[in-house]
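From first to last, the protein sequence lines are chains A and B.
Counting from 1, position 56 in the first sequence corresponds to residue 56 in the numbering used here; the numbering is continuous, with no gaps.
Counting from 1, position 426 in the second sequence corresponds to residue 426 in the numbering used here; the numbering is continuous, with no gaps.
Don't read these hints as lab results, they were simulated from the structure.
Certain hints may be false.
Only pairs whose alpha carbons sit at most 20 angstroms apart, straight line, appear in this in silico EDC-like list of lysine to aspartate or glutamate [said to hold, decoys possible]:
#1 Lys354/B - Glu380/B
#2 Lys121/B - Glu288/A
#3 Lys121/B - Asp184/A
#4 Lys269/A - Asp268/B
#5 Lys152/B - Asp322/B
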Amino acid sequence: MSSETTTKTPEAAVPPPGPAPVKRVPRGRKRLLTRRDRITLAFMAGVPTVLHVALVWVTALASIALAFTSWDGIGFGSIKWVGLDNFKQLFTDNPQFWPAVEHNIIWFVVLILIPTPFGLFLAVQLDKRIRFSRVYQTAFFLPVVVSLAVTGFVWQLVYNPDTGLINSLIGANKPGHYIDWIGDPHLNLWAVLIAASWRHAGYMMILYLAGLKGVDPSLREASSLDGANEWQTFKNVIFPTLRPTNTVVLVVTIIEALRAFDLVFVFNKGAQGTELLSILITNNIIGESSRIGYGSAIAVVLLVISLAVIIPYLIATFRKERRA
Amino acid sequence: MDLSPSGLSIPSTSRRSLLRGAGGAALLAGAGIPLLSACGGSGTSSDPKTVSLGSNQSDAVPKKAYADIYAAFKKQSGITVKVNTKDHNTFQEQINSYLQGTPDDVFNWFAGYRMQFFAAKKLASPIDDVWAKIGDNFPAAMKKLSKGEDGKYYFVPLTTYPWAVFYRKSVFQQHGYEVPTTWDQLVALCKQMKKDGLVPIAFGDKDQWPAMGTFDQINFRLNGYDFHVELMGGKASWTDAKVKAVFDHWSELLPYHQDGFMGRTWQDAAQTLVSKKAGMYLLGSFVAQQFTKKADLDDLDFFAFPEINSAYGQDTVEAPTDGFMVSKAPKNHDGVVKLLEYLGTPAAEEVYLKSDPSVVAASTKADTSAYSALQKKAFEMISSAKSLTQFMDRDSRPDFTSTVMQPGLQKFLQNPKGVDSLLSSIERQKKTIFASS
Numbered sequence: 001m002s003s004e005t006t007t008k009t010p011e012a013a014v015p016p017p018g019p020a021p022v023k024r025v026p027r028g029r030k031r032l033l034t035r036r037d038r039i040t041l042a043f044m045a046g047v048p049t050v051l052h053v054a055l056v057w058v059t060a061l062a063s064i065a066l067a068f069t070s071w072d073g074i075g076f077g078s079i080k081w082v083g084l085d086n087f088k089q090l091f092t093d094n095p096q097f098w099p100a101v102e103h104n105i106i107w108f109v110v111l112i113l114i115p116t117p118f119g120l121f122l123a124v125q126l127d128k129r130i131r132f133s134r135v136y137q138t139a140f141f142l143p144v145v146v147s148l149a150v151t152g153f154v155w156q157l158v159y160n161p162d163t164g165l166i167n168s169l170i171g172a173n174k175p176g177h178y179i180d181w182i183g184d185p186h187l188n189l190w191a192v193l194i195a196a197s198w199r200h201a202g203y204m205m206i207l208y209l210a211g212l213k214g215v216d217p218s219l220r221e222a223s224s225l226d227g228a229n230e231w232q233t234f235k236n237v238i239f240p241t242l243r244p245t246n247t248v249v250l251v252v253t254i255i256e257a258l259r260a261f262d263l264v265f266v267f268n269k270g271a272q273g274t275e276l277l278s279i280l281i282t283n284n285i286i287g288e289s290s291r292i293g294y295g296s297a298i299a300v301v302l303l304v305i306s307l308a309v310i311i312p313y314l315i316a317t318f319r320k321e322r323r324a
Numbered sequence: 001m002d003l004s005p006s007g008l009s010i011p012s013t014s015r016r017s018l019l020r021g022a023g024g025a026a027l028l029a030g031a032g033i034p035l036l037s038a039c040g041g042s043g044t045s046s047d048p049k050t051v052s053l054g055s056n057q058s059d060a061v062p063k064k065a066y067a068d069i070y071a072a073f074k075k076q077s078g079i080t081v082k083v084n085t086k087d088h089n090t091f092q093e094q095i096n097s098y099l100q101g102t103p104d105d106v107f108n109w110f111a112g113y114r115m116q117f118f119a120a121k122k123l124a125s126p127i128d129d130v131w132a133k134i135g136d137n138f139p140a141a142m143k144k145l146s147k148g149e150d151g152k153y154y155f156v157p158l159t160t161y162p163w164a165v166f167y168r169k170s171v172f173q174q175h176g177y178e179v180p181t182t183w184d185q186l187v188a189l190c191k192q193m194k195k196d197g198l199v200p201i202a203f204g205d206k207d208q209w210p211a212m213g214t215f216d217q218i219n220f221r222l223n224g225y226d227f228h229v230e231l232m233g234g235k236a237s238w239t240d241a242k243v244k245a246v247f248d249h250w251s252e253l254l255p256y257h258q259d260g261f262m263g264r265t266w267q268d269a270a271q272t273l274v275s276k277k278a279g280m281y282l283l284g285s286f287v288a289q290q291f292t293k294k295a296d297l298d299d300l301d302f303f304a305f306p307e308i309n310s311a312y313g314q315d316t317v318e319a320p321t322d323g324f325m326v327s328k329a330p331k332n333h334d335g336v337v338k339l340l341e342y343l344g345t346p347a348a349e350e351v352y353l354k355s356d357p358s359v360v361a362a363s364t365k366a367d368t369s370a371y372s373a374l375q376k377k378a379f380e381m382i383s384s385a386k387s388l389t390q391f392m393d394r395d396s397r398p399d400f401t402s403t404v405m406q407p408g409l410q411k412f413l414q415n416p417k418g419v420d421s422l423l424s425s426i427e428r429q430k431k432t433i434f435a436s437s
C-alpha cells in the first residue's frame, strides 16, 4: 500500500513546474491535507498526547491527590481523605524527613563544589592533546558508563568494615579500632559521596570536554598574542565561552542530587545518616508497607523542590530565546 | 521563505510518507496490545486436574524441595500443581497487588500477623474444612499461629526454624564456659569472653532486621508473650516503662556486641563465629548456612536466650513458620482442599526436609530420625514451647516495622542514651500508622 501511494502522491502534490505563483501555495497546502492525512495527523498528535497525559499528567496529579489521603493500596474503597495530616506528620513526627532534605542539599553542594571543578580540570588537561589522552578519557569516563547499582556494590566492598580495602590497609578492622564507613551516621554520607563524586567527575569531564572542543582556536591564539598566560587565558577567555556548558552542568548536577537513589540504596538502603527523599518514598510506597498516601506526600515535597529549581531555569531560558 | 517547487514538494512528500508510516506503526501497536493481552488471558480456565500455586521459594534448595512435594502429591492424587515462582523479595513486595489481581489458587506465605492482615482484608479464604482433617498433626502453638483474628483457620504450616544463641562447642570447652540460663550468667559470660580476647556477641545490622531479633528475645523474656503480642499489634504503648526496661537490658549487653555492626551483614558476622573469633551469635538457625565445612557445622550448637523474668522463664520461642494460604477465589476449590490436606501431613514435610535440612517440620508427627543433632534440638525447642512468635516484621504491620522500627532500632544502637525521645517518637508514629485503616 505504501509504495503505491508514495509514488503517486508527489505527482498530485507537486505544483506544476516552472515559477509558481505565490498565491497558489496556500491553496496547494490546504489540498495537501487529504482526509487520510488528517487521520494520520490526528494519530501522530493524538497517540503521544494520550501517552503524555496518561503517563505524566494523570500520574503526577493522581499522586498529588493521593498525598492528601491515607491508602494501603488494597481496593479503591479504602482510600480515606485525611487533608493535610500526611504533611503534618511528615514535618513534625517523621525523624527521617528533615535529615533526608538536608542530605539531598548536601549532595548537591558537594557535587557542585568538588567533582564539577575537578571534571573541568581534567577536561582542560585532556584538551591539551597530551599523550594517551584517549586512555585517560576512557578511564575517567568508565564510572559513568557503569550502572550506579554496580558502583554502589563495588564501593560497599571497598568500605566493608571487616574485609574492605580501606580498613584492611589502615588496620581499622580490629575490635576497638573499627571505622564503620557504611554504618556510622557521621561518616557514611561522606563515604557514599566519595563514590558519587568519583562518578560525577567523569560525567562533568565529558561535558566540559565537548564544550572545550567547541571553543574557537583563534580565541586562544589571540589571547596568547596579547601576552596572556595560561591561567589568564582560561579565566578570561575560555571559561566565559563555556557558558552554555555551565548551564547544562548546573542542571545535570541538580538533577543528579534530586534523583540520588540507586547508589545509596545498594550501599546501605538509606540507613541512618544517608536518608534521602527518594529512598523515603520508596520505603513507604513500594514493598509490603504500602503507605501510599504518606509516600505520595513525600513525593510531592520532592516535586515542589524540583519545580522550585526548574521553573527559574526555564523562565531564564525562555527569556533569552525570546530576546534572540 | 523559499517557495520554489522543489523546496515545497520534496519535504512535503517525505513528511507525508513519514506520517503514513508512523500512523501505520501506531495502528499496528494499537492492534498489538489487545493481541498481547489476549495471550496473557488464555489458559486461565479452570481445570479440575490442576491447582495453581504462587511460590516465593526462588532459591535453588527450597525450590527443588517444594517441587518434590508437588511431584509426590501428583503421584498420590493425580492433580498437577502448576507452580509460578517469583523472586523471594519481589514476591513479598508485590504481595498486595498480587492478591488483589488474579492470584494463584494457593500461595506461599508466613504465619502470624502478616497472614491475619490479609485474612482480615478478605484477600484469603478460610480453610476450616482442611483443618478438620489435619488438626491432629499439629501442636497447639502451631494451631494458634494458623488462625486469623476471626478464629478461622487461614494457613497451613510446613516448616519452621528457631532463633537462638549459637555458639561453638569447642570454644566453650576450651575456655570452660557454661551455657548461661539467666541474664546475670549471660552478662558474666560476656565479661569473661571479653577478658579471654573473644568478641562476646557477634553482630551485624547492615540489613536492619537482625536488631529486631534481639529486641524480640529480650522483650518476651522480660515482659512475656502476651505483652509482646500486644506491643507488636499496636495495642500496648511504646512509652510503657516495660519497653524502656527492654532497652535498658539491651544497653547493658550492647558493649559486648561486635564493633562496627552498622555496616556489617549477618553473613560477615557469622564468619566471626566460624573463625572462632566470636563466642556467641543470636540469630535464626539459618546461620548454619555459613558453616560450609562439615567439621565446623558439627561443632555448632545453640541455647535458648536466657531467662530474664522468672514469671516467663524460657517459655517463648521465636520460630518463623512458612506455609501456605488460599487466595480469595480459588478456581479449583476441591483441588485446593486436597492439596492443602496433603501439605498438612507429616509425609509432605518429610519429603521437603529430605532436600532442605536447614529447617524443621512444623508438625510434631513428622519422622525425626533423619534429623541432624542441630535439627533435633531445634525441633524439641519448638515443640516444647508454650508460645511461638514469628519475628517482629511478621508479627506486626509491615509498614510500621519497615518505616519506623528498622530506623528506630538503628538509632538506638547508635545512641543508646536517647531511648526516651526515641520511644516517644516511635509511639507517635505508631499511633498514626495503626489508626490508618
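Evaluated hints:
no.	hint	result
1	Lys354/B - Glu380/B	holds, 19 angstroms
2	Lys121/B - Glu288/A	holds, 14 angstroms
3	Lys121/B - Asp184/A	violated, 40 angstroms
4	Lys269/A - Asp268/B	holds, 17 angstroms
5	Lys152/B - Asp322/B	holds, 18 angstroms
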